[in-house]
Amino acid sequence: MANPMRIRAAVKDGFTEVRVLMSHVMETGQRKDSSGALVPAHFITELTAKHNDKVVLLAQFGPSVSTNPYLSFKFQGGAKGDKIVVSWVDNKGDSRSDEALIA
Amino acid sequence: MRKTLGMAALAAVLAGGAQAQSTADEIAKYREMIADGNPAELFEMEGESLWKTPRGPKKATLEQCDLGQGPGVVDGAFARMPRYFADTGRVQDLESRLLTCMETLQGIPASAVVDGDWNKGERKTMDALAAYVVTHSRGQKIQLDLANPQTRRMYELGKRAFYYRSGPMDFSCSTCHGEDGKRIRLQDLPNLTHKEGAIAAWGSWPAYRVSNSQFWTMQHRLNDCFRQQRTAEPEFASEVTVALSVYMAATAQGGVLQTPGLKR
Amino acid sequence: MDHKRRDTLKAGGGLGIFGLLVAAGLIKPELAEAAWNKSAFEAKNLESALAALGAGKPGDSAEVQLNTPDIAENGAVVPVGVVSKLPNTEQIAILIEKNPNLLAAKFEIPAGTAAEVQTRVKMGQTSDIYAVVKADGKFYVTKKEVKVTLGGCGG
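Protein chains in written order, with this note's numbering: chain A, 1 to 103; chain B, 1001 to 1264; chain C, 2001 to 2155.
With the rest of the complex left out, here is chain A (with noise of 0.2 Å):
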């Protein structure tokens, strides 16, 4: 089961800083467990983050990033009170969507 992500967003000089931190084990494929068996991947493939109804980024990860992954970004506008959205969906059709106002 998805744990919520931690988003943040504040803005500074015209620009609206997003930070966010997902849960979830991003798990290569290519680890074996105690017993010796590969342990399947289980990774976020796709990311996208709105500010109101604008996409304001769209991800794409492989295995490789790191576990509980980390993003930040920023774009332009955006003020106190705008609502961020952001969404993903993993490998095996798992998802999340989490939304943050911007501070």
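Take the hints with a grain of salt, since some may be wrong.
[As the list claims (entries may be wrong)] Label-pair restraints from in silico Cβ distances:
#1 A:P40 to B:L1146: 49 to 55 Å
#2 A:R31 to C:L2046: 19 to 25 Å
#3 B:E1179 to C:N2088: 54 to 60 Å
#4 A:S35 to B:E1196: 41 to 47 Å
#5 A:L38 to B:H1194: 27 to 33 Å
#6 B:E1196 to A:R31: 34 to 40 Å
#7 B:D1188 to A:P40: 44 to 50 Å
#8 C:A2062 to B:K1182: 40 to 46 Å
#9 A:G29 to B:N1119: 18 to 24 Å
#10 A:G29 to B:G1116: 56 to 62 Å
#11 C:A2062 to B:G1076: 47 to 53 Å
#12 B:L1146 to A:G29: 48 to 54 Å
#13 B:A1110 to C:G2054: 41 to 47 Å
#14 A:K80 to B:K1182: 47 to 53 Å
What the hints contain is simulated information worked out from the structure, not anything from laboratory work. On a predicted model such as this, the values are computed, not experimentally measured, just so you know. By construction, the Cβ of each residue, glycine as well, lies at the ideal position given by its N, Cα and C atoms.
Based on these hints, arrange chains B and C on the given structure of chain A.
Showing chains B and C alone in chain A's frame:
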């Protein structure tokens, strides 16, 4: 890169040990780069949610848990722990106090944690709860009540335990943590007998560990130190573990907490 | 937790998140063209990874900057920042030359978003990191070596 290596080689000729210093500088830069966005925040969020969720046979939340600053007060509570609690008649660290709250408020027996496995079940719950509580003491000064005779007694016990040799290698905590400048591979080991080292250690645990993506409480950290000494592992929240925490926290008295930390 | 929303997303099946967002009228279809680029993510050498990204032989550019430490204490978490000063930067990709699959992440930069992203990647060993940037339809690259003291892909 060639420039860096060339400079390091030159420095090594001029002064032995300069290369080690430049490596240490680069590792310091690495740590600084990952400090922002500590995945411990994910555990903190989970902990806050667990704190406010009715659980256990009594279907109660932990919102009335008294961490020493009064029922429900989380802010600054960890900065004053371990401390003496009159209701249990014991000096308790954060984890043992959380056990008390889970047992009395929620009806979850302490054995669910004490007899459990790391990173599983109620012990995992404990990790998240600890992450939540310590975040609310971040930036605050470590202020143990060292005037309390029970806390003094635990300090003395902790100090004895710190220097007590045991196990097949005849190690004590002080073997690795009693002198400046010791390290395992590239990992610097804090000297816990001095204020600076004690602040570095006590002030940055519990922590998220990037090597295994786990969140470790001080109970987990201490247990692993005993395991690495190849000696008997202490029971979760047992007196000796609380005493060692009192010794560390008292040595770090006045230092600023950076909890939760981020570790290799 | 919002189970219903997740179920709704799951019910979309193979559409993927962008397909669903398009279906819901939330984003413009041109952004949704970027379905997960399987061939790029599965590429095992630099040439085929670049080919799968449509980058061919990108030119070196000092306008693309890679911000990484010189030494990573732990390969499990290596911070990587990419900044492109090239006008009209539309895409940023991060590749780790010595990882089993080179491509770590790929970002689409819509107009109004700064060509500046930071993330963290796993590295199995010391390797060159490449930042590949698409700007005004052309591809550019810069690289930097990161030394890893402890590999990040084991247990």
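Here is how each hint holds up against the structure:
1. A:P40 to B:L1146: 49 to 55 Å: For L1146 (chain B) against P40 (chain A), whose Cβ atoms are near 53 Å apart, the range 49 to 55 Å holds.
2. A:R31 to C:L2046: 19 to 25 Å: Since the Cβ atoms of R31 (chain A) and L2046 (chain C) sit about 24 Å apart, the hinted range of 19 to 25 Å holds.
3. B:E1179 to C:N2088: 54 to 60 Å: holds (58 Å)
4. A:S35 to B:E1196: 41 to 47 Å: holds (44 Å)
5. A:L38 to B:H1194: 27 to 33 Å: violated (47 Å)
6. B:E1196 to A:R31: 34 to 40 Å: For R31 (chain A) against E1196 (chain B), whose Cβ atoms are near 38 Å apart, the range 34 to 40 Å holds.
7. B:D1188 to A:P40: 44 to 50 Å: Given about 37 Å between the Cβ atoms, the range is violated.
8. C:A2062 to B:K1182: 40 to 46 Å: holds (43 Å)
9. A:G29 to B:N1119: 18 to 24 Å: holds (21 Å)
10. A:G29 to B:G1116: 56 to 62 Å: violated (30 Å)
11. C:A2062 to B:G1076: 47 to 53 Å: This hint holds: roughly 50 Å between Cβ atoms.
12. B:L1146 to A:G29: 48 to 54 Å: holds (52 Å)
13. B:A1110 to C:G2054: 41 to 47 Å: violated (60 Å)
14. A:K80 to B:K1182: 47 to 53 Å: Given a distance of about 49 Å, which is inside 47 to 53 Å, the answer is holds.
Going down the numbered hints, you'll see the structure goes against 5, 7, 10 and 13, while the others check out.
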